[in-house]
Amino acid sequence: MNILRIKTHFIIAALYIMLAACQHEQKRLPILGERHATTKEVDGKTITDTVYQTIPAFSFINQDSVTITNQYFDHSIYVADFFFTSCPSICPIMSKNLLKVLEKYQGNEEVKILSHSIDTKYDTPWVLKRYANKLGVKGDQWQFVHGSEAAIYGIANKYMVYAKEDSNAPGGFEHQGWLILVDKDKRIRGAYDGTNTEQVNQLMADMDVLLAEYLPGKE
Amino acid sequence: MRLPIIGTLFVVLLISMDACQSQDEIKKAQFFTNGKSLYTTHCGNCHGEQGEGLGNLYPPLTDTAFIRNKRAALPCIVKYGLHEKLTINERFFDTAMPGNGTLSPQEIAYILTYVGNSFGNELGLVHTEEITNSLTTCNEAK
Numbered sequence: 001m002n003i004l005r006i007k008t009h010f011i012i013a014a015l016y017i018m019l020a021a022c023q024h025e026q027k028r029l030p031i032l033g034e035r036h037a038t039t040k041e042v043d044g045k046t047i048t049d050t051v052y053q054t055i056p057a058f059s060f061i062n063q064d065s066v067t068i069t070n071q072y073f074d075h076s077i078y079v080a081d082f083f084f085t086s087c088p089s090i091c092p093i094m095s096k097n098l099l100k101v102l103e104k105y106q107g108n109e110e111v112k113i114l115s116h117s118i119d120t121k122y123d124t125p126w127v128l129k130r131y132a133n134k135l136g137v138k139g140d141q142w143q144f145v146h147g148s149e150a151a152i153y154g155i156a157n158k159y160m161v162y163a164k165e166d167s168n169a170p171g172g173f174e175h176q177g178w179l180i181l182v183d184k185d186k187r188i189r190g191a192y193d194g195t196n197t198e199q200v201n202q203l204m205a206d207m208d209v210l211l212a213e214y215l216p217g218k219e
Numbered sequence: 001m002r003l004p005i006i007g008t009l010f011v012v013l014l015i016s017m018d019a020c021q022s023q024d025e026i027k028k029a030q031f032f033t034n035g036k037s038l039y040t041t042h043c044g045n046c047h048g049e050q051g052e053g054l055g056n057l058y059p060p061l062t063d064t065a066f067i068r069n070k071r072a073a074l075p076c077i078v079k080y081g082l083h084e085k086l087t088i089n090e091r092f093f094d095t096a097m098p099g100n101g102t103l104s105p106q107e108i109a110y111i112l113t114y115v116g117n118s119f120g121n122e123l124g125l126v127h128t129e130e131i132t133n134s135l136t137t138c139n140e141a142k
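Heads up: the sequence lines are chains A and B, in that order.
According to our numbering, the first sequence is numbered sequentially starting from 1.
According to our numbering, the second sequence is numbered sequentially starting from 1.
If we strip away everything but chain B, and leave its shape as in the complex, we get:
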């Protein structure tokens, strides 16, 4: 008789735990996982597995202030590249970054959710709608 009661309690506990994790948290975890593999394919060669960059050739992604302040510009940088000079962590960079024109807003949201919550960054979930809006402001968008 006791076993079914314990079983029921366990199920209730599981459901309540699940509810604690909000919808956005689940989405964030999904985006993060998808973003990780896309990052490896499209970004990691230059920016490094740990976002450490490479010498003075490719900047690291560990400057949390830069990532936070440039949040609205990041989708444009990912899609169209960057042709500006940068100083990050007191290192100077002037190598042009090539764009990743084939990435969809959804994929960019995955990547930025991954980068934005790795390497010390804490951007939280980066929504697909946010990417779509940002992309309309890119200089390179035609």
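Okay, chain A solo, but in the shape it has when bound:
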């Protein structure tokens, strides 16, 4: 009887220690996309480093007809998506969910949102501005951008989001509703279904984890 009790205590204690160890371990988001190894010489020693897929430099026109480049996002983590203002299918839900993200991080300069319009003909900056206003977007954390067809569809590939003009699709464009989480080094750290409330909640939880990586004292 006594031995059994001691054993039980021991197991409980062991569990506590394991649990404590887990809590100390910082959760980190994976780095998505392609990667390759490079070797370089640092202080006479050859070291191997991993090079991750990053979002290349870009330049678009935003809802205020101002040029927005990748530099605008240099000191922020950001969420990117692809939509169009006359979209009758998934975009309204994505926009509504992104509005939740904006509300949570409103005023936090480390967080931005970048919505690319895939309707490059109709969605001029003026149309984007009206859309943002009607949606109730405040401040400049959420950027709606207009670009050439080649530039927008080209960068969609870099975010690993499928987008294509298709007269058979509702509204004339076929596209995926991913919300892509990008870190301050322009690496992709997560992809979430922008139409799914649970996944959007996960996105916001993951954004907190990602922001924690940049806290002073952390790597």
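No wet-lab data here; the hints were simulated from the structure.
Check the hints yourself; a few may be wrong.
[Said to hold, decoys possible] Below, in silico cross-link-like pairs of lysine-lysine (DSS-like), each with a Cα-Cα straight-line distance of 25 angstroms or less:
{"hint": "1", "chain 1": "B", "residue 1": "Lys85", "chain 2": "A", "residue 2": "Lys134"}
{"hint": "2", "chain 1": "B", "residue 1": "Lys70", "chain 2": "A", "residue 2": "Lys129"}
{"hint": "3", "chain 1": "A", "residue 1": "Lys27", "chain 2": "A", "residue 2": "Lys184"}
{"hint": "4", "chain 1": "A", "residue 1": "Lys45", "chain 2": "A", "residue 2": "Lys27"}
{"hint": "5", "chain 1": "A", "residue 1": "Lys158", "chain 2": "A", "residue 2": "Lys184"}
{"hint": "6", "chain 1": "A", "residue 1": "Lys164", "chain 2": "A", "residue 2": "Lys138"}
Use these hints to put chain B onto chain A, whose structure you have.
Relative to the frame of chain A, chain B by itself:
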């Protein structure tokens, strides 16, 4: 001996309860259920799961007076969209609504029975014949 009597009474009770629920009530429940899933597919993205709309982009479906007064026009709006300016719950809307040309009168009856009896609306059953009649009056009908 008592058990069969109680059983019989129970069956009689069930039948009389069933009769209380009129034919239209049953139909309304069917239309409502079918309408709910069609609403999610065709309407909910913009008008919201709770009919709350979205900002000043898409109007809510909670203005019961509007829904009641526009009853005859609703089938046309669902099928052919709307290109008019609206003021609903003191909010102004001018985004064009796309039509849902593929919906049949039956499906529109399902949807309007759902919308018409959700979000505070109380239209009751919207019959398929009512939809068919309304659709002949649409400006867009060719």
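Hint check results:
1. Our distance criterion of 25 angstroms between C-alpha atoms is met by Lys85 of chain B and Lys134 of chain A, whose separation comes to about 14 angstroms.
2. Proposed proximity of Lys70 of chain B and Lys129 of chain A is contradicted: the alpha carbons are some 31 angstroms apart, above 25 angstroms.
3. Straight-line distance between C-alpha atoms of Lys27 of chain A and Lys184 of chain A comes to about 17 angstroms, which keeps the hinted pair within the 25 angstroms bound.
4. Restraint check: the Cα-Cα separation between Lys45 of chain A and Lys27 of chain A comes to about 31 angstroms, which exceeds 25 angstroms; the hinted pair is violated.
5. Restraint check: the Cα-Cα separation between Lys158 of chain A and Lys184 of chain A comes to about 16 angstroms, which is no more than 25 angstroms; the hinted pair holds.
6. Pair hint Lys164 of chain A plus Lys138 of chain A does not hold up; C-alpha atoms about 30 angstroms apart against a cutoff of 25 angstroms.
The structure fails to meet hints 2, 4, 6 from the earlier list, while all remaining hints are met.
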